[in-house]
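Enquirer: Each chain, letter by letter, is given below.
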Amino acid sequence: MNIIACVKQVFDLQQVRIKKETREPIMENIPLTIGDIDKNALEEGVRLIEQHGGKVTVVSAGSEDLEETIKEGLAMGADEAVLVIDSSLDSAESAVSAVVLAKTVKKIGEFDLILLGEGSSDNYSGQVGPRMAEILDLPLVSFVKSLKVDGHRIQAVRSLDDCMEVVEVDMPAIVMVMSEINEARIPAVTQILKAGRKPKQVLSLDEIEVDPAEMETKVETLSNLAPEQDRKQVIFKEDADTAAADLFNALQSEGFIGR
Amino acid sequence: MGNILIFSENDRVAYSLLGKGLEIASEQGSTVGAAVLGANLKDRADEYVNQGAQRVYLPAQGKEMLESNDAAAYAEAIAQIAREFQATVILLGCTRQGKELAGRLAQKLEAGCINDVNGMVLREGQILCERYALGGATVMTQTVTASAAVISVMPGTYEAVSPTAPAGEIVEINLNLKPDKIQVMERQTKAADSVDIAEAEILVCVGMGLGDSGKMPMIEDLAGVLGAEIGSTKPVATDQKWVSEERLIGLSGKKCKPQLAICLGISGEIQFVVGIREAKTIVAVNTDENAPIFSTADYGIVGDLNQVVPKLTALIKS
Ligand SMILES: Cc1cc2nc3c(=O)[nH]c(=O)nc-3n(C[C@H](O)[C@H](O)[C@H](O)COP(=O)(O)OP(=O)(O)OC[C@H]3O[C@@H](n4cnc5c(N)ncnc54)[C@H](O)[C@@H]3O)c2cc1C
Ligand SMILES: Nc1ncnc2c1ncn2[C@@H]1O[C@H](COP(=O)(O)O)[C@@H](O)[C@H]1O
Chain A
1 MNIIACVKQV
11 FDLQQVRIKK
21 ETREPIMENI
31 PLTIGDIDKN
41 ALEEGVRLIE
51 QHGGKVTVVS
61 AGSEDLEETI
71 KEGLAMGADE
81 AVLVIDSSLD
91 SAESAVSAVV
101 LAKTVKKIGE
111 FDLILLGEGS
121 SDNYSGQVGP
131 RMAEILDLPL
141 VSFVKSLKVD
151 GHRIQAVRSL
161 DDCMEVVEVD
171 MPAIVMVMSE
181 INEARIPAVT
191 QILKAGRKPK
201 QVLSLDEIEV
211 DPAEMETKVE
221 TLSNLAPEQD
231 RKQVIFKEDA
241 DTAAADLFNA
251 LQSEGFIGR
Chain B
1 MGNILIFSEN
11 DRVAYSLLGK
21 GLEIASEQGS
31 TVGAAVLGAN
41 LKDRADEYVN
51 QGAQRVYLPA
61 QGKEMLESND
71 AAAYAEAIAQ
81 IAREFQATVI
91 LLGCTRQGKE
101 LAGRLAQKLE
111 AGCINDVNGM
121 VLREGQILCE
131 RYALGGATVM
141 TQTVTASAAV
151 ISVMPGTYEA
161 VSPTAPAGEI
171 VEINLNLKPD
181 KIQVMERQTK
191 AADSVDIAEA
201 EILVCVGMGL
211 GDSGKMPMIE
221 DLAGVLGAEI
231 GSTKPVATDQ
241 KWVSEERLIG
251 LSGKKCKPQL
261 AICLGISGEI
271 QFVVGIREAK
281 TIVAVNTDEN
291 APIFSTADYG
301 IVGDLNQVVP
311 KLTALIKS
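Heads up: the sequence lines are chains A and B, in that order.
The letter at position 146 of the first sequence is residue 146 when you use this note's numbering, and the numbering goes up by one with no holes.
The letter at position 275 of the second sequence is residue 275 when you use this note's numbering, and the numbering goes up by one with no holes.
Bound conformation, chain A alone:
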């Protein structure tokens, strides 16, 4: 079985701080990593291969640092990487990423299953999967929390707002996973060392033949600021008795007791 796992290079969001005066996020010197749910997508691919045999190709579109970032994905068990690198793909909008990824998948040619995350860590727009499904004319199963493969068919449990569905579809297909589908492995040092030697193909936008018209942005971002926060920040650090009493008094004076 040939599996493609699409993962996005993102800033490690845990490390993003907010500039107090301007409420802007500080993005300088923040390490890059693979999106959280994307790791679950890759993990699911690796597990399926361990069970059924075959190959997992990790696919990503991004800017220059991608070759370094993707090592983590190879260390997690992907057999090879296909990367599209272009400076314009740094923080590209989902519509553009979907076109680039669809073209890349076409170029790879042989695949049974494309795995993606439910949303990217930074954008969380959930557009790339549905847009790829349209471009490639493939069935898409979204919000998947468990996945089985049986011959050329997949069975998935999808979690919608008010119901759970068990669905089946023939491959090739696209599956968008939720984070609860598995716990992504943290690669061992030996895996990380081996990752550098796994096959890696780097493609340019020309090589995957994207039409410049398809790269046009469709959405403009006007501002991106942290919401205003005005909290009292009174911290009680004494022993539990005193602290609980202080908190009780505070809650009482705010009118929350005996409502």
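These are computed hints drawn from the structure, not numbers from a lab.
For clarity, every value in this text was computed on a predicted model and none was experimentally measured.
Among the hints, erroneous ones may be present.
[As the list claims (entries may be wrong)] Below are the DSS-like pairs computed for lysine-lysine, each with C-alpha atoms no more than 25 Å apart in a straight line:
no.	chain 1	residue 1	chain 2	residue 2
1	B	Lys280	A	Lys237
2	A	Lys148	B	Lys181
3	B	Lys190	A	Lys145
4	B	Lys215	B	Lys311
5	B	Lys190	B	Lys108
6	B	Lys257	B	Lys241
7	A	Lys106	B	Lys181
8	A	Lys55	A	Lys200
9	B	Lys311	A	Lys237
10	A	Lys106	B	Lys108
11	A	Lys145	B	Lys181
12	A	Lys145	B	Lys255
13	A	Lys106	A	Lys198
14	A	Lys20	B	Lys215
15	A	Lys55	A	Lys19
16	B	Lys254	B	Lys311
17	B	Lys254	A	Lys237
18	A	Lys55	A	Lys71
19	B	Lys108	A	Lys107
20	B	Lys178	B	Lys108
21	A	Lys145	B	Lys241
22	B	Lys311	A	Lys232
23	B	Lys280	A	Lys232
24	A	Lys237	B	Lys190
25	B	Lys257	A	Lys232
26	A	Lys20	A	Lys232
27	B	Lys255	B	Lys241
28	B	Lys280	B	Lys254
29	A	Lys106	B	Lys178
30	A	Lys148	B	Lys241
31	A	Lys232	B	Lys241
32	B	Lys215	B	Lys254
33	A	Lys19	B	Lys280
34	A	Lys148	B	Lys280
35	A	Lys20	B	Lys257
36	B	Lys254	A	Lys145
[Said to hold, decoys possible] Derived coverage of chain B by chain A (criterion: at least 3 residues anywhere in the stretch with Cβ under 8 Å from a Cβ of chain A; other residues may be distant):
no.	region
37	96 to 103
38	141 to 148
39	183 to 191
40	287 to 295
Yeah, the Cβ is synthetic: ideal placement off N, Cα and C, and Gly gets one too.
Assemble chain B with the ligands onto chain A, guided by the hints.
Expert: The following block gives chain B with the ligands in isolation, referenced to the frame of chain A:
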């Protein structure tokens, strides 16, 4: 701006979008239509008119294709209706189905798409949309620059406002749809926990610092004396299942606006904080004085919740 088309598989969500759609349309001189798909079409169409839809589209043929939840068929149906109606703005409910539909529909219509929108304003003929970004750390204001826009709005963002003199027409439309590729083998309604934590005035929120489910009675006691509902972080609801998923607060759960939120054993990762940021007062109890939750708290206790919670409960009781 052309016409505005509204769709959600959840009628209540659709009604709330009708109100907002009419407000935008009245400033733009455009018409607001709604697509009604699925079962029980005729009765629902009448109600959409009551709710202010100026034109309601019902599928005449091809509706048997729309009995599954496969967004592929829905996207094709709504694309055909949007073209017929000359809609350039399509407002969808950002349920999970709605979110999948949004991307597919936008691709078909070569539209720009903004999902998870929790606020819209019209400025100089452009709809400015607000949504969380960077995991919830920031709020982005975005607008679609392509000639068509697909915008999916978080349920609960707007209230339905039924107009005083509704007048709309119901139009049947022939849809040309392909059969679904996905087969639904089984469908199970999620056991609804009768609470809606988004409506709660006071929330007691628990995180992984609780340690194990055996301590839930202690939390229930505190919630009891405060008249509060219990909410939780994601790992507590989805991994540990100490509480049901309806109690999940945050980016992937409910966004709540209580008067008071008490956060116990919660680190305060941004994906959680977005769900309580609009609380009037936030209290945090955490053993780690560097836990990020303290930076969004009005009152904090650096301490062990196992000691603090019973004491606080006892004080409130007396
Ligand atoms: C795309 C995405 C979406 C997400 N959506 C959500 C979401 O909607 N909601 C959500 O909650 N999370 C969400 N998360 C996960 C989020 O990033 C955090 O992992 C999660 O909120 C952490 O939960 P926690 O605070 O319960 O656990 P932890 O981070 O493990 O924190 C436990 C805390 O308890 C404290 N503690 C330990 N023992 C005690 C004690 N005895 N007394 C007091 N304090 C104690 C510790 O100091 C620590 O701060 C999402 C993540 C991603 C990537
Ligand atoms: N640039 C990219 N390269 C590879 N995969 C991506 C990229 N952007 C998004 N994805 C995949 O698409 C999913 C949804 O992304 P989004 O639509 O941005 O929320 C992610 O979880 C990834 O699996």
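Enquirer: Could you check the structure against the hints above and give me the numbers of any it violates, in ascending order?
Expert: 5, 14, 15, 16, 17, 24, 31, 34
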